[in-house]
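Quick note, the sequences are listed as chains U and A, same order. Those letters in the first sequence? Residues 1 to 73, per our numbering, in order. Those letters in the second sequence? Residues 1 to 73, per our numbering, in order.
Careful, some of the hints might be misleading.
Here are the simulated DSSO-like cross-link-like pairs (lysine-lysine), alpha carbons at most 30 Å apart as the crow flies [stated by the list, open to error]:
(1) K28/U - K28/A
(2) K69/U - K28/A
(3) K6/A - K69/A
(4) K69/A - K28/U
(5) K6/A - K6/U
(6) K28/A - K4/A
(7) K28/A - K4/U
(8) K6/A - K4/U
Derived by calculation from the structure, the hints in this document are not laboratory data. Predicted, not measured: the structure shown is a model, and the values here were computed from it.
The lines below spell out each chain.
Number of protein chains: 2
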Amino acid sequence: MDIKLKVGQRIKELRLQLGLSQEALANKADVDRTYMTDVENGRRNISVEVLERIIMALEISYADFFNAKEFMK
Amino acid sequence: MDIKLKVGQRIKELRLQLGLSQEALANKADVDRTYMTDVENGRRNISVEVLERIIMALEISYADFFNAKEFMK
Chain U
1 MDIKLKVGQR IKELRLQLGL SQEALANKAD VDRTYMTDVE NGRRNISVEV LERIIMALEI
61 SYADFFNAKE FMK
Chain A
1 MDIKLKVGQR IKELRLQLGL SQEALANKAD VDRTYMTDVE NGRRNISVEV LERIIMALEI
61 SYADFFNAKE FMK
């Protein structure tokens, strides 16, 4: 699976676990809401700086963000 | 510390553990050698697609790549 899709699915999974709307997560991560929709749908090749803002907004460590089935070899 | 620097340091650390030169890692990850030098020095805000190619070239899982002191909160 494409890395953009893997990252997007993981973000959505964690967002829903936190009970956050896309808009709330977008605001928290300081990204545009429609951009966040694209990210979750695997349509954006985000940079590590944007990834960091989203991971911080999800209140999870990098290791835990990537320690998921989507990223297992 | 800036995420670009954290990622760059971790790449260099893992590259040296594998005994690879920058050129060898750049070739393996299909990125330009001078670009790899910039990445290792934290001067590039790489995308997740480039990050994936480098992580694959380092023969490590995402979780293990990010399970390092650089990324601890």
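Exercise for the section: Measure nothing beyond the straight line between the CA atoms of K6/A and K4/U; if it is 30 Å or shorter, mark the hint as holding. Expected result: Distance ~21 Å between K6/A and K4/U Cα, so the pair holds.
Handout entry: Pair hint outcome, K69/A versus K28/U [Cα-Cα no greater than 30 Å]
Key = Judged against 30 Å, a Cα distance of about 25 Å means the pair holds.
Exercise for the section: Sort out whether K4/U lies within 30 Å of K28/A, counting only the CA atoms. Expected result: At roughly 21 Å apart (the allowed maximum being 30 Å), K4/U and K28/A satisfy the hint.
Handout entry: Holds or violated: K69/U to K28/A, with C-alpha atoms at most 30 Å apart
Key = holds, 25 Å
Practice task
Decide if the proposed pair is consistent with the structure: K28/U and K28/A, CA atoms, cutoff 30 Å inclusive.
Solution key: Given that 30 Å is the threshold and the Cα spacing comes to 37 Å, the pair is violated.
Problem - Agreement of K28/A and K4/A with the hint, judged by alpha carbon distance not exceeding 30 Å - result: Holds, at about 21 Å.
Problem - Straight-line alpha-carbon gap K6/A to K69/A, limit 30 Å - result: holds, 9 Å
Practice task
Assess, step by step, whether the Cα of K6/A is no farther than 30 Å from the Cα of K6/U, and give holds or violated.
Solution key: Measuring from Cα to Cα gives roughly 22 Å; hence the hint holds.
When each numbered hint is compared with the structure, a violation occurs for hint 1 only.
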